[in-house]
Amino acid sequence: MKTPILEIEDLCARVADKEIIKGFSLTINEGEVHAIMGPNGAGKSTLSYVLCGKPGYEVTSGKILFKGKNLLRMTPEERAREGMFLIMQYPVDIPGVPVTTFLKHAVNAVRKHQNLPELDTMEFIKLVREEGKKLGISNDMLKRPVNVGFSGGEKKRLETLQMAILKPRFAILDEADSGLDIDAMKVVADGVNAERNEHNALLVITHYQRLLNYIVPDFVHVFADGHIVKSGGKELATELEETGYAQFVKEK
Amino acid sequence: MGGLLQNIKLPGDDIPWLEGLREKGRCVFAGKGLPTAKTEAWKYTRPRDLQADDFVLETTAGHECHCGSNCDCEKTCGEGSVMPFEAYELHFENGKLQHEHLHLPQGVTVMPLMDAILQNEDIRGRLGKSFDLQDYPFAALNTAYLEEGVFINIQENISPDKPLAIINHTHARHDNLLFNLRNVIVLEKNSRATIVEAYIYSGAEKSRYFANVVNEIYIGRGAEVRHYKLQNDAYKAVHISLNAVKVKAGGNYEAFCLQRGADLARNETHVVLAEEKARAKVDAAYHIAGWATVDTTTDIEHLAPETTSEQLVKGVAGGNARGVFQGKIHIAPHAVKTEGNQLHKALLLTDEAEIDCKPELEIFADDVKCSHGAASGELDEEQLFYMRARGIGEDEARRILIDAYLEDVINRIEEPAVRDWIAEQARQK
Ligand SMILES: Nc1ncnc2c1ncn2[C@@H]1O[C@H](COP(=O)(O)OP(=O)(O)OP(=O)(O)O)[C@@H](O)[C@H]1O
Ligand SMILES: [Mg+2]
Numbered sequence: 001m002k003t004p005i006l007e008i009e010d011l012c013a014r015v016a017d018k019e020i021i022k023g024f025s026l027t028i029n030e031g032e033v034h035a036i037m038g039p040n041g042a043g044k045s046t047l048s049y050v051l052c053g054k055p056g057y058e059v060t061s062g063k064i065l066f067k068g069k070n071l072l073r074m075t076p077e078e079r080a081r082e083g084m085f086l087i088m089q090y091p092v093d094i095p096g097v098p099v100t101t102f103l104k105h106a107v108n109a110v111r112k113h114q115n116l117p118e119l120d121t122m123e124f125i126k127l128v129r130e131e132g133k134k135l136g137i138s139n140d141m142l143k144r145p146v147n148v149g150f151s152g153g154e155k156k157r158l159e160t161l162q163m164a165i166l167k168p169r170f171a172i173l174d175e176a177d178s179g180l181d182i183d184a185m186k187v188v189a190d191g192v193n194a195e196r197n198e199h200n201a202l203l204v205i206t207h208y209q210r211l212l213n214y215i216v217p218d219f220v221h222v223f224a225d226g227h228i229v230k231s232g233g234k235e236l237a238t239e240l241e242e243t244g245y246a247q248f249v250k251e252k
Numbered sequence: 001m002g003g004l005l006q007n008i009k010l011p012g013d014d015i016p017w018l019e020g021l022r023e024k025g026r027c028v029f030a031g032k033g034l035p036t037a038k039t040e041a042w043k044y045t046r047p048r049d050l051q052a053d054d055f056v057l058e059t060t061a062g063h064e065c066h067c068g069s070n071c072d073c074e075k076t077c078g079e080g081s082v083m084p085f086e087a088y089e090l091h092f093e094n095g096k097l098q099h100e101h102l103h104l105p106q107g108v109t110v111m112p113l114m115d116a117i118l119q120n121e122d123i124r125g126r127l128g129k130s131f132d133l134q135d136y137p138f139a140a141l142n143t144a145y146l147e148e149g150v151f152i153n154i155q156e157n158i159s160p161d162k163p164l165a166i167i168n169h170t171h172a173r174h175d176n177l178l179f180n181l182r183n184v185i186v187l188e189k190n191s192r193a194t195i196v197e198a199y200i201y202s203g204a205e206k207s208r209y210f211a212n213v214v215n216e217i218y219i220g221r222g223a224e225v226r227h228y229k230l231q232n233d234a235y236k237a238v239h240i241s242l243n244a245v246k247v248k249a250g251g252n253y254e255a256f257c258l259q260r261g262a263d264l265a266r267n268e269t270h271v272v273l274a275e276e277k278a279r280a281k282v283d284a285a286y287h288i289a290g291w292a293t294v295d296t297t298t299d300i301e302h303l304a305p306e307t308t309s310e311q312l313v314k315g316v317a318g319g320n321a322r323g324v325f326q327g328k329i330h331i332a333p334h335a336v337k338t339e340g341n342q343l344h345k346a347l348l349l350t351d352e353a354e355i356d357c358k359p360e361l362e363i364f365a366d367d368v369k370c371s372h373g374a375a376s377g378e379l380d381e382e383q384l385f386y387m388r389a390r391g392i393g394e395d396e397a398r399r400i401l402i403d404a405y406l407e408d409v410i411n412r413i414e415e416p417a418v419r420d421w422i423a424e425q426a427r428q429k
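For the protein sequence lines, the chains are A and B, in the order given.
Heads up, the first sequence is in this note's numbering, so the first residue is 1 and it goes up one at a time.
Heads up, the second sequence is in this note's numbering, so the first residue is 1 and it goes up one at a time.
No lab work stands behind these hints: they were computed from the structure.
Some clues are possibly wrong.
Derived DEER-like restraints, expressed as beta-carbon distance ranges [unchecked claim]: (1) B/173 with A/90: 48 to 58 Å; (2) B/51 with A/115: 55 to 65 Å; (3) A/22 with B/37: 52 to 62 Å; (4) A/112 with B/53: 42 to 52 Å; (5) B/416 with A/17: 24 to 34 Å; (6) B/395 with A/25: 56 to 66 Å; (7) A/121 with B/82: 35 to 45 Å; (8) B/204 with A/117: 32 to 42 Å; (9) A/126 with B/414: 28 to 38 Å.
Every beta carbon over 10 Å from chain B, so not counted as near; a handful from chain A, in silico [said to hold, decoys possible]: (10) 29; (11) 45; (12) 46; (13) 63; (14) 95; (15) 115; (16) 142; (17) 162; (18) 169; (19) 190; (20) 210; (21) 213; (22) 225.
Only a predicted model underlies this, so the values are computations on that prediction, with no experimental measurement involved.
Glycine residues also receive a C-beta, built at the ideal position from the N, C-alpha and C atoms.
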């Protein structure tokens, strides 16, 4: 019997008074990798923000259970501490806040929630340097303000570093491959794969089959107009690469 | 007990020029009175209530600590240092200079202002010569009470190895103390010095004291002053300071003032770039809450060609606090090839907090580069969410972002030890 991590049932959500998610249902079990593919503007990023509790994204109906708990009652930070993680499509710049300061606050907030002792500066620096090294993140980069002046590839590496340090139970990758060259994509994919185990799960949002060669999905879903229109195995991704989304998009 | 202008006996009243200067201060202040809503220079920062308050003045140059033995000011009253970095420390307790022996390097003179008046001929040509009393009501009041303060002189080509720190420590009292400080700082040709000024308070009492300060700073040819200030007075206190600075050819005035305390505060800096290639950098930051009104006012006068000035002022206002920035850049005719830049940015943490900003450019010369800008905003929702999505609590995320907001302006402080100290003081309490 598989244990579900995330159960989404008939979710409807809107942003800026616009209905974007329209009857979305999906269950993700421990150890599984799900991929979502779909045309621009379908609502994929909106779905990931709804899952993370971003203010302004209003759930109008439906329910979401995360590890059996009502996700919608939790604040964004509670969700993160419970193990929800999002590699953002557009990571945010935070001038004045060095990567290490930011990460130390984050990791200790999560550890505290899990009743683990907080890491002291030495322990933390050691951890962050080790993990950073695996992802090709220099010590110099760790001292810079979060994402400020980072290249597209560097931003995604930093997102992956955060995932490696926070060790989430459920991670969403929102176009983790966009803007990356082949080598950088491999680094990110390897970083993500290294975190996989039988107790956590991934939701990979991408436009390209390419990433899915590295992070191999158990299920692929086609997402259009706010909900899943087709589901299949990993071969569906290859199929979409040839056919495109035209067959799923409503005639306007 | 009485109002702001009281008849008290001051030392040195037998020196005609000194008594004449005090009398002029009294006349100007009595004539003009406190600024009102109609006083343009004070339209945002109203020194309300001051008239009604009873103030106590103390004139005998007190050497001893006023508080009992159980007071926590021992560390400042006694020997030893309070600054977290090496400095020649001068301690004022409730507005009175504590006489301590300083081992100063050759070419550096520091003495109580009254001693300088009695001994030093040069001071007569300096005292009250860096600004016009008519323009500054509180400096006029300060002049009426001329007595306390220090005279600092750095001789030609000398640069002391450590900063000179003027530490003003005020502690809880039941009455409202008014103290007037006048510091005269002279840098001779090609000398350099770092002056640190700190206003700190201890005690639980809601003390409504009034610190009224005037610094007159004379920077000789090719000389340089770095002037760093912390204003962290009691939350019911009034703090008004005028820094009147004159810079000669090739001289440089570099200032940073962080304001954190007081109920009503103004740090006003008037720089006259009197000769060619004189420079000034007048930065400031404030981080305020409660019902405080905290004002940063600057007036940079470019009187000669190729003079430059820059100002970055950043503030954070929460609660019902009000941040005021008034910045004037004046470029006189013939002051060609000058450059003056000014930027004020503020972060508003609540709907009730307020920022008032008044930039003023007066340009009478051609071939100059001038800019000014102002912006105010709220905490960035995207940044807050990003941090929360990583598990950082909302309050903590806000605190981190607030601290980060002042980071860039604080980083412009050239001296690392002072920079760290200011950064620490600027952090959320
Ligand atoms: N804050 C907002 N205000 C108004 N409209 C929004 C907002 N956020 C998203 N939308 C709209 O919602 C729709 C879905 O956007 P979303 O970013 O979720 O798409 P996506 O599937 O991630 O697209 P892409 O593949 O281009 O990343 C778009 O039409 C977008 O313009
Ligand atoms: Mg998207």
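Unsatisfied constraints (hint numbers, rising): Failing hints, ascending: 5, 6, 7, 14, 17.
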